[in-house]
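Novice: Turn these sequences into a full structure, and let the hints steer you where they fit.
Read top to bottom, the protein sequences are chains C and Z.
Counting along the first sequence from 1, when you hit position 403 you're at 408 in the working numbering, and nothing is skipped either side.
Counting along the second sequence from 1, when you hit position 340 you're at 351 in the working numbering, and nothing is skipped either side.
Bear in mind the hints are in silico, worked out from the structure with no lab data behind them.
Heads up, some of the hints might be wrong.
[To be verified] Just a few of them, taken from the derived set where beta-carbon distance is under 8 Å, the chain C residues facing chain Z:
| # | residue |
| --- | --- |
| 1 | Arg78 |
| 2 | Gln453 |
| 3 | Asp456 |
| 4 | Cys511 |
| 5 | Asp516 |
| 6 | Pro541 |
| 7 | Leu573 |
| 8 | Arg577 |
| 9 | Thr580 |
Predicted, not measured: the structure shown is a model, and the values here were computed from it.
Glycine included, every Cβ here is placed at the ideal spot set by N, Cα and C.
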Amino acid sequence: MEPTNIKDPEYFHKVVDCQYACPAHTPVPHYIRLIAAERYSEAYMVNWESNVFPGVLGRTCDRPCEPACRRVRVEEKPVAICRLKRVAADNKGDVKQYMPQGPFAPNGKKIALIGAGPAALTVARDLAPLGYELHIYDELPKGGGMMRSQIPSFRLPMEVLDEEVNFILDLGIHQHFNTYVSSMREVLSKDYDAIFVGTGAPRGRALTDLPGYEEVKANVHVGIDWLSSVAFEHTEKIGRRVLVLGGGNTAMDCCRTSRRLGGEEVKVVVRSPFAEMKASPWEIEDAQREGIPFYNNHVPKAFVAENGKLCGMTFTKVEPVVDENGKRKMVPTGEPDVFFEADDVLVAIGQENSFPWIERDLGLDFDRWDLPVLDPVTHQSTLPNVFFGGDAAFGPKNVITAVAHGHQAAVSIDIFCTGKNLHKDRPDPMTNLVSQKMGIHEWSYHSQVTDDHRFAVPHADNALALKDRKLEVELGFDPATGFKEAQRCLNCDIQTVFSESLCIECDACVDICPTDCITFTVNGEEEDLRTRLSAPANNLTQDLYVSDVLKTGRVMLKDENVCLHCGLCAERCPTAAWDMKKYLYSVTKAGHQCFSEL
Amino acid sequence: MSFIRPVFRHPESPKNDLGYTRQYYEGALSTLCAGCGHDSISGAIIQACFELNIEPHRVAKLSGIGCSSKTPAYYLGNSHGFNSVHGRMPSVTTGASLANRKLLYLGVSGDGDTASIGMGQFVHVIRRNLNMVYIVMNNGCYGLTKGQDSATADFGSINKSGSANLFQNIDLVGLALELGATFVGRSFSGDKGHLVPMIKAAMAHNGFAFIDVISPCVTFNNNVGSTKSYDYVRAHMEATSAIDLVPEKEEITTSYAEGSTKLIEMHDHSMIELHKLAEGWDPTDQHSAVQKLQESRNKGEILTGLIYVDTESKDLHDLIETVPQPLNTLTEQDLCPGSGTLERINGEFR
Ligand SMILES: Cc1cc2nc3c(=O)[nH]c(=O)nc-3n(C[C@H](O)[C@H](O)[C@H](O)COP(=O)(O)OP(=O)(O)OC[C@H]3O[C@@H](n4cnc5c(N)ncnc54)[C@H](O)[C@@H]3O)c2cc1C
Ligand SMILES: Cc1ncc(C[n+]2csc(CCOP(=O)(O)OP(=O)(O)O)c2C)c(N)n1
Ligand code: SF4
Ligand code: SF4
Ligand code: SF4
Ligand SMILES: [Mg+2]
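Specialist: Printed below as a string of C-alpha cells:
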C-alpha cells in the first residue's frame, strides 16, 4: 500500500465516525468534551455553528451519528450523542453574545428564501452576516417549517423552537409570513440575485381510492395535515377510538398526539412486519410506553360506515414470503379479514414533494419523480440563480439533512453572487491538527476509557404526559449524568499521528495497544495486509493507516477500526513517534473563502 | 498518564484451544520506561503462553530485583508469582520446584541480577538442571539503579555518560554452554517473530532452558556507541536459524528446500523446526555450538537463535529420583509409611 496521505482532509475526518456520519458534520467529540468541562455555552456554540438548531436537534434529531459511533464496535450501545447536545442547550448561558451581531454592512445582493423550514433558515443564518438582504417567505404564521407544524410539542417545546428560530430571524431577515408564494415566475421577475427554495415535501399521501372513503372522509385525516392543524390549535380533540395507518415516525407522532387529544383506544396498523417498520426504534419505544398497540402485517381493505359515519376499517392479514427470485413479498394469509372499530382514522403512509407553484416553462427542469434536477454538490437547479435544499431538494429526509443542504446552498449562492465558479471556486473544509501533549505522559484530554454503559434519559410520568399535549416527555440528562455520559466518548477526533523518522521499532505501541490496532510488518497489497495484522481487520469501511518504509524495511500499519484513542501507544512511545493530535474538521461555510483569499 | 488499561479489547480477538483470548494472559499496566525492551519480552511471554494453550494457574513466574525483575507484574496476571531478593530467584525457584514439580517455572532476571549479585546462584541452578525457563533481560546495565555498567556490558561499549567500559564482559550464553546448560538460546526484544517461538521452545524443554534476550534500556543504554542499543543490535545480529515450535498434534508443513531445515523432537513430542541453518552448526552438538558462538564473537556479531539443545536432558527431579507427584501433595501416610517399612529399609543395610 502507498503511505497514507493524512493531509487529505477526509482521512482523519473518516476516523471521527460520528462526525463523518452527521450530514452537517458536527464536531461531536469536540462539543462532548466541552460538556464534560461544564462549558455548556461553548458546547452550544460549536453545535450552533454547524447544525444551527442544537436545542431542537438535541431532542428530535434522527441521529445518524449514533449507529456510526465507534463505541458500538467495542460495546453494546453508542454514546448518547443526541441527548448530550440537549445538555448543552438546556444548560447554556447567554449565547447570543457569541453570535454574529448585526446590523451587517450590506453587500448589495438580495436573496429570496421560499419556505421558512430549517433549510431556508440555515441559508439565512449563513448569509446574513455577509451582508445579504434576505427575504424569507412562508405561508405559515411563524418560522420553523415542519419543526413547528409537525413535530409535536411533547417532543419539542415551542419555547425551544422559538428561541432558535429567533436567533436567526434577529439577524435582520425580512420576514414575509402568512404569505403563500403562488408563482415562481413572479419571484423570478423581482430583483432577487438568487432564490432558494426550501418548501419541503408538503403533501401527505391519502387513501382516497379505498372502498368506502367518500362516505366517511370527514373522519379520515391525512396525518401531516392533522398534526399541523393540532400544532396551530385548529384541532383540539379526536374520537375515542383512533386508527393510525403507517409505521413511520409520522405515524408515531399521530398516535401519541391522539392519545393526548382524547383518543383512548389508539391502534397503529402497519402493512409491514414489526422489524421492518420505518420509525426510529426510540420513537416506537415511546409509543409503546404510552400503551399503544401495534398491529403488523395488516393491509387496509375498506372503510366501514354506519349510518353514514365512519365506524371502522377492515384489513387483510398478510405474511412475508420470499419468492423464487429472493424477493420478499407480502402475501395474504387466507385468514378472515380483520375489523377494527374507529371514530377517526389518521393516514400516515408517506409524504411527497409537490411544487404546484412552480411553472414548468421557466427552464427549471424536473425529473420523472417530479423532483427538481439539481447539482448534488452545489444544489443549483437548471435555472442558475435558483437553488434548492431540504426536503424540497431530494425528497423527505430530516432536519439535520435540511441544515446540511442549507450550508451548501449558502456557499453556492455566495459564490454565485460573486460571479465565481460553483465547483472550482468552492472552498475546502477548514481543518486543523494540533498536538494534545501537555507533558511527558500528559494529554489535554481525558484519555482514560470508561466502561460505563449508556445512561438512560428520564421520562415524565406517563399519566401526566398523556393529559397535556405540550408537556415534554423526555426530561434530558441532569448535568451529573450528562458528565458521565460525556465521559463515554472515545475522543475519536484525537488522532494517533505517526512519524516514521522518529520510530525506533521497539514494539512498545504494539504491546500496549488494548485493541491490537498496530502492526509492524512488510508492506503488501491491502487485501493481503488485512490478513497479516495483529488482529483481524475485517471492517472494510475502516481504513488502514500505513507509514512509509522504516529502518528494518517494514512499515507501520494501524487498523483504525477499534482504536480507543486512549493514547497509550503515544504514552509508551519513547521517541514520541506517536503523538495524539486533535483534528478539527469544519465543513465549508459561506464566507470561508474570504479567509483563503487573504 | 494512564494507570489502567481500558477494558475493551478487539471484538474479534482470537481464542486459543482453552477458549482464552490473549487478555487472559495479560498483567497490570507496565510502569517501566516507555520503549523499554523488557516490555516487549513481557509481550512475547504473553503471546507464547497464549499460543501454547497454557493454563495460567499452572505457571509460576519468579524474579529477582531490577526493572527486568519487575516485569512479572505485567504478564500472566492469573498465574502464581514470587518476586524474590536480588539474585536469589534461582534458589527460590529450586525450592518451589521441589515442592511442586508439576508447575511450569518461568524465571526472569536481569543481567545485573544474574551476572553480578546472582552469579553464584545462576551457575548452580544450571549445574543442577532445574526444570525451568530462565530468561535474562540483558541490557548491559543496572537499569533500576540508573544505568551503571553491568557485567554483561561489552568491553569498550560507551554508556550514556560517555565513558567506555574498561572491563571484559561475561557472555552468559558462553557461560551457560560451558556449565552444561541443556537448552541455550539468544534473542532480541525487538524481534518478536524470533523471540516468541524461542520462548515456546524453551517451555517445551525438560530441564534448564536459558534464553539471553538482548533488551535495550532506552533510558540509560540506547545511546550511540552502546553495543546494547536497538540500532547496534539490529545491525549486528547473526541468526543461527529461523525457529518455530510445532505442537505435537499439528502436522509439519515445511516450504523450505530440503537440507536447509532441521527438526528436533522435544521431550513433550512437540517439534522445534529450524530453517536457514547457519553453516557448520548443529544445535544438538555442544562442540559446534561453542565453536559457532566463538566464530561470531570474533566477527563482532551477536549470535542469536537456538544455540544448543540436549533433548535427552535429565532434570533435577530425574537426577535425584523424586516421586512423580508433587511433594506438597504427599500425605502423612506417604511420608510415614509405618514401622514395618522402616524395618524393611533397615533390613536392607544389614
Ligand atoms: C410528523 C413528522 C415528524 C417529523 N419528525 C422529525 C424529527 O423528529 N426529527 C427530524 O429530524 N425530522 C423530522 N421530520 C422531518 C422534518 O420535519 C423535515 O425533514 C424538515 O423539516 C425539512 O425541512 P425543510 O427546510 O426542507 O422544509 P420544511 O420544514 O418542510 O418547511 C417548509 C416550509 O415551506 C413552507 N412552504 C411550502 N410551500 C410554500 C409556498 N409555496 N409558499 C410559502 N411557503 C411554503 C411550508 O409552510 C413550510 O413551513 C418530521 C416530519 C414529519 C412529517
Ligand atoms: C541486595 C541488593 N543489592 C543491591 C540492590 C540495588 N539494585 C537494585 S536493582 C540493581 C541492578 C539491577 O540490574 P539488572 O538486574 O540488570 O536489572 P535491570 O534494571 O537492568 O533490568 C541493583 C544493584 C538491591 N536491590 N539489593
Ligand atoms: S466515541 Fe465519541 S467521538 Fe467516537 S464516534 Fe462515538 S461519540 Fe463520536
Ligand atoms: S490510541 Fe493507540 S493504544 Fe489506544 S487504541 Fe488507539 S492505537 Fe491502540
Ligand atoms: S531504566 Fe532502562 S531497563 Fe529500566 S525501565 Fe527504563 S528503559 Fe527499562
Ligand atoms: Mg540490566
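Novice: Now look at each hint and say whether the structure bears it out.
Specialist: Going through the hints against the structure:
no.: 1; hint: Arg78; verdict: holds (6 Å)
no.: 2; hint: Gln453; verdict: holds (6 Å)
no.: 3; hint: Asp456; verdict: holds (5 Å)
no.: 4; hint: Cys511; verdict: holds (4 Å)
no.: 5; hint: Asp516; verdict: holds (4 Å)
no.: 6; hint: Pro541; verdict: holds (4 Å)
no.: 7; hint: Leu573; verdict: holds (6 Å)
no.: 8; hint: Arg577; verdict: holds (5 Å)
no.: 9; hint: Thr580; verdict: holds (7 Å)
Violated hints are absent here; each numbered hint is respected by the structure.
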